[in-house]
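Just so you know, the protein sequences line up as chains H and X, in that order.
The opening residue of the first sequence carries number 1 in UniProt numbering; numbering runs sequentially from there.
The opening residue of the second sequence carries number 1 in UniProt numbering; numbering runs sequentially from there.
Simulated from the structure, these hints should not be mistaken for lab results.
These figures come from a predicted structure and were not determined experimentally.
Just so you know, even glycine gets a beta-carbon here, dropped at the ideal spot from N, CA and C.
Some hints could be false.
[Unchecked claim] Short derived list, chain X residues pointing at chain H, Cβ under 7 Å:
{"no.": "1", "residue": "Glu62"}
{"no.": "2", "residue": "Val66"}
{"no.": "3", "residue": "Ala97"}
{"no.": "4", "residue": "Leu99"}
{"no.": "5", "residue": "Ser243"}
[To be verified] Here are the computed lysine to aspartate or glutamate pairs in the DMTMM-like style, where the Cα-Cα straight-line distance is at most 20 Å:
{"no.": "6", "chain 1": "H", "residue 1": "Lys202", "chain 2": "X", "residue 2": "Glu59"}
{"no.": "7", "chain 1": "H", "residue 1": "Lys204", "chain 2": "X", "residue 2": "Asp58"}
{"no.": "8", "chain 1": "H", "residue 1": "Lys199", "chain 2": "X", "residue 2": "Glu98"}
{"no.": "9", "chain 1": "H", "residue 1": "Lys199", "chain 2": "X", "residue 2": "Asp58"}
{"no.": "10", "chain 1": "H", "residue 1": "Lys199", "chain 2": "X", "residue 2": "Asp109"}
{"no.": "11", "chain 1": "H", "residue 1": "Lys201", "chain 2": "X", "residue 2": "Asp58"}
{"no.": "12", "chain 1": "H", "residue 1": "Lys105", "chain 2": "H", "residue 2": "Asp142"}
{"no.": "13", "chain 1": "H", "residue 1": "Lys18", "chain 2": "X", "residue 2": "Asp69"}
[Stated by the list, open to error] Away from chain X, derived, C-beta distances all over 10 Å, residues of chain H:
{"no.": "14", "residue": "Ser26"}
{"no.": "15", "residue": "Asp31"}
{"no.": "16", "residue": "Leu56"}
{"no.": "17", "residue": "Asn187"}
{"no.": "18", "residue": "Leu244"}
{"no.": "19", "residue": "Lys249"}
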Amino acid sequence: MSGRVLVGVKRVIDYAVKIRVKPDNSGVVTDGVKHSMNPFCEIAVEEAVKLKEKKLIKEVVAVSCGPQQAQETIRTALAMGADRGIHVQVTGKDYETLGPLQVSKILAALAKKEDAQLIILGKQAIDDDCNQTGQMTAALLDWPQGTFASEVSMEGDKLKVVREIDGGLEMIKINTPAVVSADLRLNTPRYATLPNIMKAKKKKIANVNPADLGVDLTSRVEILRVDEPPQRQAGVKVETVDDLVGKLKDTGRI
Amino acid sequence: MCQSLVSTCHLSYNYVISNLTSAVVLHLYSGVITVTTYGFICSVPCLLCVAASYGLTDEQKEFQKVAFDFAANEMAPHMAEWDQKEIFPVETMRKAAELGFGGIYVQPDVGGSGLSRLDTSIIFEALSTGCVSTTAYISIHNMCAWMIDTFGNTEQREKFCPDLCTMEKFASYCLTEPGSGSDAASLLTTAQRKGDHYILNGSKAFISGGGDTDVYVVMCRTGGKGAKGISCLVVEKGTPGLSFGKKEKKVGWNSQPTRAVIFEDCAVPVTNRLGEEGQGFNIAMKGLNGGRINIASCSLGAAHASVELARDHLLVRKQFGETLSNNQFLQFKLAEMATRLVASRLMVREAATALQEGRRDAVSLCSMAKLFATDECFNICNQALQMHGGYGYLKDYAVQQFVRDIRVHQILEGTNEVMRMIISRNLLTES
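Just chain X, with the same shape it has in the complex (with noise of 0.2 Å):
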């Protein structure tokens, strides 16, 4: 009969590996023993209610599984050490890049994979479950990409685009300052126009990737005050003048470097104008949309591998004589954060499509989108490493990361206040 002896150990309460995160899965083909380590195991639908793929298409379903057995092969067995180690993962976001990560939503012309914004929140979900920060960089890059293939001109868009795509290069998005975060319009770096140079001067705060990456993606004040005095810049590292502060230290997102990005004096060819003149907080904006969409399928994906993880500890743990999944409270609990992953994917998804469409209410429901699946999320996954008791708090558990990972989620491209601020202006201002 069948020999393939398949068996999940959780090795976790008698023997713990260091740098490993939870399940370990052993197969046993024709004698030979692989020993290989997952995080978690999302693609397999034991997990009915929860699992990725329904309502998709065929294709959208081949796209998901890529994206799955990329996360659970390349990046789970490292997302600790990256963590740990602060390892910005050159090598294995470039693999990524060549199954068409770098540029999802990119035109195929300049090298992109031209594929829609539900599709890409489809694949950010499925590579989140193998590390969240990466992910995240790379939806960063993503968004930069699309930028550049969106507002750039046709020299632009073969010059930065095709290497972009194949993380030859890698991106960043400048627009935070140390003096404005959510009133983005009140920027100060100046890019004052002499001759066919901007001379930047300034400063950018929190910019991801700062420091590691070749192409910055920058807002500054070419004209007057407020939005309509920004335009974009892009500019290449090694371009004298601009420089960096030191790799800050952060809670979670240590995958990717975060750092100031110093312009001195750092001129900039016209040429790299993206679009016109004071067309640069547009440009911005339209770009956060997709990143919004982009960071809460981020979070979606961390929320299914922790509801993963929950279930299966509830399964193995035993206290008062019987396992915690016979607890009514603990079953009630992963009830509630299995519908609100549901809820929140359903919203995600739904402002993907409806940006994809361009449809009038895009803007909020991305908005909309970001704040309830960023929040809910975050809850479900520090419910989760709550339900792991002490275990949750150690450093050899996945949960942990999941919940330090996704908590910037609620702050980064545009908090959940100024979220708030344009569903509400949306709501009360008369058209």
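So here's chain H without its partners, still in its complex pose (with noise of 0.2 Å):
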């Protein structure tokens, strides 16, 4: 076991800024606005360091893939205590169509070159909540997943997920090597210190071209248009409960 595990984290518009749709409906804008690392992928590099430093793994890679910026947030990944990252060069249109396939078929690529145990992802981004990567990322590998991780624990070589299902938590116990994508409450993710922000500057980013890895980046999805969310309409106020009867009668909701 190489005891390397691959942490998947993408650099996203910030959760606190307001999102503005561009004027052609081709998308939000995204020039001069403020970015960070999804906070998923947060919990997932929290994740991985805490197994590190329990000692049951040995080495966390930070995997992004974008254009220059995205280095920013490996950065970020290594001052919260990941060793080294690998920053897939995406650019311009191919950036722009970049989805979850593409995304889980570098990450499959990677993970056979790096002879990753364990990759570690958020569930989803906050930017196309599309949670699909981490699934994907498994199939194509035909590994194990444990998704929705509320609870990682390694036992042996075994991993033993809880699980947040719609049910309530399922606990399961997978082979390694395996996928897993991190949910809220798996951890809370630390602050980088000044010392590791420090440090960060030395550990080492690879730049690799999806190319190399013989990724097919083109996408199967054309997005058409994005619109606001409809603007919430005012309510009504009644005077007396007959009123209330028969307004929710006239709308047809009951």
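Two independent chains are provided; combine them into the complex using the hints.
Spelled out as structure tokens, the structure:
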């Protein structure tokens, strides 16, 4: 077992920013807007670093796909405790159409190349909410998957994952190598410390081309149009309970 | 499509929550609602021109981000409570120390973070948006740790600095006395040499952290009159003859206790003296140069937070049929506030750089920056309060705490009048 964990980190628009749709409805405005690491990816990095601190794994490798700015996101992962980074360079039109299918192909190729024992991802990104990359990566590698993880523990070469599902919590035991996707309650990501931020400067980030991994980036999805959600309409105040019942009947609710 | 719903609710007008500072942010993460209280989200640069991150290196932006996140998550939610209940937030400060904030410009070999004065200024400015009073105390603690690191010998550095950097122990800076504030060199606390001890007699006034802190960096008279007779001693809590006055009741800075520090035949080992006899005043002033940048940085953070609060209020509050943001007077006022904030920030950062590089103009620049930034930022916070109307006067709103907390920055670490003395002396003395 190589003891190596791959953690995918995605650079997304910061969760606190007010999103605006581009005037041509082709997407959202990203120019000059604050970006940061996807919150679920932060949780994934934290879990990987925790496993390393428990000495259950040996090396944490942070991976991000995107243009030059993706390196900032990798640096944040390094400041949290990842050992090295891999920047898969995707720019221009390819980056605009980059989605879970292509990313999972990239991660699968990297997992084989780096001989990874475990891949930890955030369960979904807060910009597209796809919740697909983890599952697709596992399928491409034919590895078991523990998605929506709220607890992860290693027992020998098996992984015990507690999953958050609609009915409650499900506990599964899967073989490694495996893919885990992190849910909100898995952990609370640590703050980077000042010394770690400075150490992160010295850690290596390797540059990789998707072509070198044999991955085809063409998208099977075409975005036709992006719109804002409909404006919330004002409510109506009623005087009596009869009025309320009347209104509910009028609008066909009862 | 995107399910994350971020709405900033100004629950202010119909629904006031006690002990919360202004903004409440609701996050909808895949159906799970988490309610977090923030004072202000200064790290989100929707206000492009006053964003604090312009001109910084990537690494400095990382430091700033950690400080902003810490301020928003660990400090802002408690800022009002710490003020009202006069709580000295030891646990929170120790958490800050874990991140490296206990000895930011102290050297790494004794546990410090070894960063520059500019890095320090950026960090304190960001932390201040969470709680000015606590950040100001952390800056005083940092100043003391630096003094021991810089002027102490190996034994002293190794004995005191590591614990100060982790905030296992807290420090206080003791210069001012009931009879000597601005005229600091006239201090009267004596330290008489008796064998291998100094016997201290006298008292210090207005000591931040006094009574709750463990390590006291004390300027006292070992020699004749004036600055040349002053030495610097490190006195540890628990030393017989060291006692404290009552906890002062203050207008602001309530998350740190302020007490008189009293010496009655207090014996301090000579090995606790920093530097040589007669070097004390010089050490004190060198400490204050950095301290002035730190205090000015705290004012910057408060002013930035106040500008954002004022802006948010103007966009929501309606009078005469439209939002206040349509009123030209208020627009112009806000623009002036933003301009003076950025001007203050530039001065403070330039002074930090000058001090770091040991430039000839460093001392004057630090004084100018402290004078300018503390005055301007107080006016900015005060204006922001005015823009809130009656609500600005209520303790349910954060802006009044910023006003109260930074008012004292114009007074301590050298009054703004003393700053003028330093600057005019530089201009008028033949060199």
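Evaluation of the provided hints:
1. A hinted interface residue such as Glu62 (chain X) counts as satisfied when its beta carbon comes closer than 7 Å to some beta carbon of chain H; here the least separation is about 5 Å, so the hint holds.
2. The closest approach between the C-beta of Val66 (chain X) and any C-beta of chain H is roughly 5 Å, which is under the 7 Å cut-off, so the hint is satisfied.
3. The closest approach between the C-beta of Ala97 (chain X) and any C-beta of chain H is roughly 10 Å, which is over the 7 Å cut-off, so the hint fails.
4. A cut of 7 Å between beta carbons decides the hint on Leu99 (chain X): the least distance to chain H is about 5 Å, and the hint holds.
5. Below 7 Å, beta-carbon pairs count as interface contacts, and Ser243 (chain X) has none with chain H, the closest being about 36 Å; its hint is therefore violated.
6. Between Lys202 (chain H) and Glu59 (chain X) the CA atoms are separated by roughly 12 Å; this keeps the pair inside 20 Å, and the hint holds.
7. Distance hint between Lys204 (chain H) and Asp58 (chain X) is fulfilled; the C-alpha atoms sit about 16 Å from each other, no more than 20 Å.
8. A threshold of 20 Å between alpha carbons decides the hint, and for Lys199 (chain H) with Glu98 (chain X) the separation of about 16 Å falls inside it, so the pair holds.
9. Restraint check: the Cα-Cα separation between Lys199 (chain H) and Asp58 (chain X) comes to about 14 Å, which is no more than 20 Å; the hinted pair holds.
10. Between the alpha carbons of Lys199 (chain H) and Asp109 (chain X) the distance comes to roughly 15 Å, so the proposed pair stays at or under 20 Å and holds.
11. A threshold of 20 Å between alpha carbons decides the hint, and for Lys201 (chain H) with Asp58 (chain X) the separation of about 10 Å falls inside it, so the pair holds.
12. For a cut-off of 20 Å, the pair hint linking Lys105 (chain H) to Asp142 (chain H) stands: about 12 Å separates their Cα positions.
13. Proximity of Lys18 (chain H) to Asp69 (chain X) is assessed by CA-CA distance (about 18 Å); at most 20 Å being required, the pair is judged to hold.
14. Non-interface status of Ser26 (chain H) relative to chain X is upheld: no Cβ of that chain comes within 10 Å, the nearest being about 14 Å off.
15. For Asp31 (chain H), the non-interface assignment is confirmed: its Cβ lies about 12 Å from the closest Cβ of chain X, beyond the 10 Å cut-off.
16. With a cut of 10 Å on Cβ distances, Leu56 (chain H) stays outside the contact zone with chain X, its closest approach being about 23 Å.
17. No Cβ of chain X comes within 10 Å of the Cβ of Asn187 (chain H); the nearest lies about 15 Å off, and the non-interface call holds.
18. For Leu244 (chain H), the requirement that its beta carbon stay farther than 10 Å from each beta carbon of chain X is met, with the minimum near 22 Å.
19. Every CB of chain X is more than 10 Å from the CB of Lys249 (chain H) (nearest about 30 Å), matching its label as outside the interface.
The structure fails to meet hints 3, 5 from the earlier list, while all remaining hints are met.
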